[in-house]
Amino acid sequence: MSKGGGLELWSIRDDDGVTAMHVAAYAGHSKVCVLLEKEFKMDPKCIDADGANITHYAAKGGRGSCYLALVEAHFKDTPLLPDAQGQTCQCKLPSGRAVRSWLALLPCQIG
Numbered sequence: 000m001s002k003g004g005g006l007e008l009w010s011i012r013d014d015d016g017v018t019a020m021h022v023a024a025y026a027g028h029s030k031v032c033v034l035l036e037k038e039f040k041m042d043p044k045c046i047d048a049d050g051a052n053i054t055h056y057a058a059k060g061g062r063g064s065c066y067l068a069l070v071e072a073h074f075k076d077t078p079l080l081p082d083a084q085g086q087t088c089q090c091k092l093p094s095g096r097a098v099r100s101w102l103a104l105l106p107c108q109i110g
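In numbering that gives the first Met the number 0, the protein residues as written are 0 to 110.
Careful, some of the hints might be misleading.
[Stated by the list, open to error] Computed cross-link-like contacts, BS3-like style, restricted to lysine-lysine with a CA-CA straight-line distance of at most 25 Å: (1) K44 / K30; (2) K75 / K37; (3) K40 / K30; (4) K75 / K59; (5) K75 / K30; (6) K44 / K75; (7) K30 / K59; (8) K59 / K44; (9) K40 / K75.
[To be verified] Quick list of the computed label-pair ranges, beta carbon to beta carbon: (10) D14 / K75: 25 to 35 Å; (11) R12 / K37: 17 to 27 Å; (12) D13 / K44: 17 to 27 Å; (13) Q84 / D14: 11 to 21 Å; (14) K75 / K30: 16 to 26 Å.
Quick caveat, the hints were computed from the structure, so don't treat them as lab data. Here the structure is a predicted model, which is why all the values come from computation and not from measurement. All residues carry an ideal CB built from backbone N, CA and C; glycine is no exception.
Please build the complete structure, drawing on both the sequences and the hints.
Here it is as structure tokens:
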């Protein structure tokens, strides 16, 4: 963010390793994630201290459309990457009909 030697936005994390991109995904703001990637050079595959990426946060936040947009943009080949506990985004999705709808839209088969 600053060109004079100050902190860059991509380097700011809380004590749990959460970035602005994780927070935006949790809140369902896929366009903010794109902005952070394009304008501030944040890595969309960044992980927190528990190994969770932005798709885990979108799923945890119950943000189906954001989750699908992020998978489409960055995780087509690996939409179900596990975090440090071995949980995939599928484990973090809220239960019910919405989950079945989201899983049906995944670009790969789930074994």
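Exercise for the section: Would you list, in rising numerical order, the hints stated earlier that this structure does not obey? Expected result: none
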